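Visitor: Listed in order, the protein sequences are those of chains A and B. Mapped onto this note's numbering, the consecutive letters of the first sequence carry residue numbers 1 to 351. Mapped onto this note's numbering, the consecutive letters of the second sequence carry residue numbers 352 to 700.
Bear in mind the hints are in silico, worked out from the structure with no lab data behind them. Treat the hints with care, since some could be wrong.
As the list claims (entries may be wrong) - Cross-link-like lysine to aspartate or glutamate pairs, in silico, DMTMM-like; alpha carbons within 25 Å at most: (1) K135/A with E209/A; (2) K135/A with D76/A; (3) K538/B with D194/A; (4) K538/B with E188/A.
To be verified - Have a look at the derived ranges for each label pair, beta carbon to beta carbon: (5) I536/B with A39/A: 23 to 33 Å; (6) R397/B with V250/A: 49 to 59 Å; (7) L603/B with N316/A: 38 to 48 Å; (8) E188/A with R397/B: 17 to 27 Å; (9) L35/A with L598/B: 50 to 60 Å.
Only a predicted model underlies this, so the values are computations on that prediction, with no experimental measurement involved. Each residue gets a CB set at the ideal place from its N, CA and C atoms; glycine is no exception.
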Amino acid sequence: MSAIERSTQQEPIRHKGAAARRASRVRTAALWMVLVLLATAAAYIFWGRDRLPAIEVLQVLGGESVPGTGFILMEDRLPRLVVGALAGAGLGLSGALFQRWLGNPLASPDVIGVGFGASAAAIAAMIVFGVNDWKLNAFALAGGLAVAAVIYWLSASGQRTGSRLILAGLAIGAVLQALIQFLLTQAEVNTASDAMRWLTGSLSASTWERAAVLGVGLGAVGVLALPVVLSQLKLLELGEDAAAALGLHVGRARMLLVFAAVALGAIPIAVTGPLAFVAFLAGPITAALSRGAIHVPLAGLTGATLVVVANFFAANLFAQINLPVGVITGAFGAPFLIWVLVRANSTGNGG
Amino acid sequence: MTATESTLRAAAERSGPGLRRKLGAVALLVLLLAAALLASLLLGARSVGLDSVLAALADFDPMDGGQVVVQSRLARTAGAVVVGAALGLAGAGLQGLTRNPLADTGILGLNAGSSLAVVVVAALLGAASLPLLMAAAFLGAALVMALVYLVASVGREGATPIKLALGGAALAVGIGSITNTILMISKSTFDEFRRWQIGSLSAGSMETYLLAVPVIAAGALLVLSTARACNAVAMGEDTALALGFNLKRSRLLGSIGVVLLAGTATAVAGPIAFVGLMIPHAVRLLVGGDYRWIMPASLLAGPVLLLLADTAGRLVLPPSEIQVGVMCAMLGGPIFIIMMRSGMKSVKL
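Model the full assembly from the supplied sequences, consistent with the hints where possible.
Guide: Quick look at the structure:
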């Protein structure tokens, strides 16, 4: 038996061991994420913008009605937590899908323009048509999908879509940003500063109703499309020719993936605004934790944790100035961003 | 003349168009600039005749409505010239020094860094003087420039154009969210900077733009001094080193120049993207790949673009106007995509 044959025989075994180790790392990371998420959520229930008496909180949670505390808890803190966690999960999943599909950690929806598409459509709806309810979601989704379609169409002429798609998205993102800025100058100062607040990403408008919209929207995409997309993604990553040879309808699979990724990102954007860097960071964090490729479901969990933790900090560190949570994710995200850049650069992927 | 110089000159002359065509291109740019200047003074929500312009320039009569309009347009016209020249040359310098066809002061995040610094200083000090704001803008842009180099210097293959572009875009998103926060906390700063933040020439006064001139001239000289080094870098970094160029020194001087140009332009007119991207590429079509020609020609072409964009912004939606920053992005985005789809096949992304 030659050396070559022996090494090909050993390959699957070694591979299996690595996969098992990685799966256990993913499980450990997921466990820690859930713990941090729950601990922060619990802490936030007691220590929000102002401290609530522990006994009263427990009474409310036990089902008794306590005036004041009950209202703060049921109408402000809990909906915030639910909306924040759901939005973070959607953004994290969306970012990880894009990053995996394009094979580039920098290619998250907030960098390649899809996020700006959703934002621009929602801002236009807000300022031009005065929309301020669940219809914003429809606008944001439509805006995100429109941008995704344009980018896709622009970049589809080449053989390899990855880097062209990213560049096209970059350019369209810049145009849309200019459009958003222009719309903001056309508005009255108060609307403009509302829109600006939303643009940074804020949980302050969270209600149970919005949580329900978010939950239904994300739930539908998550349950109906995500499992299919995840299994098809594995094939797509082998290369489109190989995927087609394995019997995958590549065009349809890609379309479904783009739709799911955009929807998962645009639905939260309509409710909370584009929470800076959540979509961008969730994926690379999972890659670092599991020491492998970006793990999509874990990225959803990571996104939720990021937003809930950022919300806790926003409420406790800067309580007086009432900062929106997107500022925290933006400011604390920036150093991580540089880390991602350097990491992408030193491993040689990223373009 | 040394062997180095003759090699370089031969390489530059072999590739580009002849001297007569280059001089013709420069003459064309001068003519375009004159036409754009005139258009900027004549056209707007209220268009005036040529006689009003001449009268306003020669002997200003404050009672004549047409002349008052011209007078009010003088400042923004001057601003477009100063800012356009700065951004055009900054783009040429960045593209040459980093050997990166996608380099632009907006795309690499320099403008965002300047904006953040300006907004921070304005929010902390209330009304800050222009020199202070310019200094802040310089520091902000310098910091981002250093970050860009830091990111670019890590890794085996260095920074590919797309990596730098994406990294810059991501940095700009992060910096922008911090800028937005500060604007949100301070409502007065928000009102003051709302227009500026998009890139607008309508707010500045003549004094503002004239104050920027010496700084921009200094930055321009620094960038222009690196033209030969840029030519050498275009042939490959190893070749440049072998030819005896001190690349570290050229990059440092050039970067200081670029940061001076971009920071000052942002301080007086707000962040305006894509000018630094479009101008060097447009100019390259006219004068070829020699940076000793690209850089001065960019100084002429930048103002043309900004004057036309500003004038068009006044004409699209009268009586309201579209800020020059928005116009440049609307124009620059599609051009960026066209470049990417057609001309960029030769460029390794």
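Visitor: Take the hints in turn and mark each one as holding or not.
Guide: Results of checking the hints against the structure:
no.	hint	in the structure
1	K135/A with E209/A	holds (13 Å)
2	K135/A with D76/A	holds (22 Å)
3	K538/B with D194/A	holds (11 Å)
4	K538/B with E188/A	holds (13 Å)
5	I536/B with A39/A: 23 to 33 Å	holds (30 Å)
6	R397/B with V250/A: 49 to 59 Å	holds (57 Å)
7	L603/B with N316/A: 38 to 48 Å	holds (44 Å)
8	E188/A with R397/B: 17 to 27 Å	holds (26 Å)
9	L35/A with L598/B: 50 to 60 Å	holds (51 Å)
Going through the hint list in order, the structure satisfies each hint without exception.
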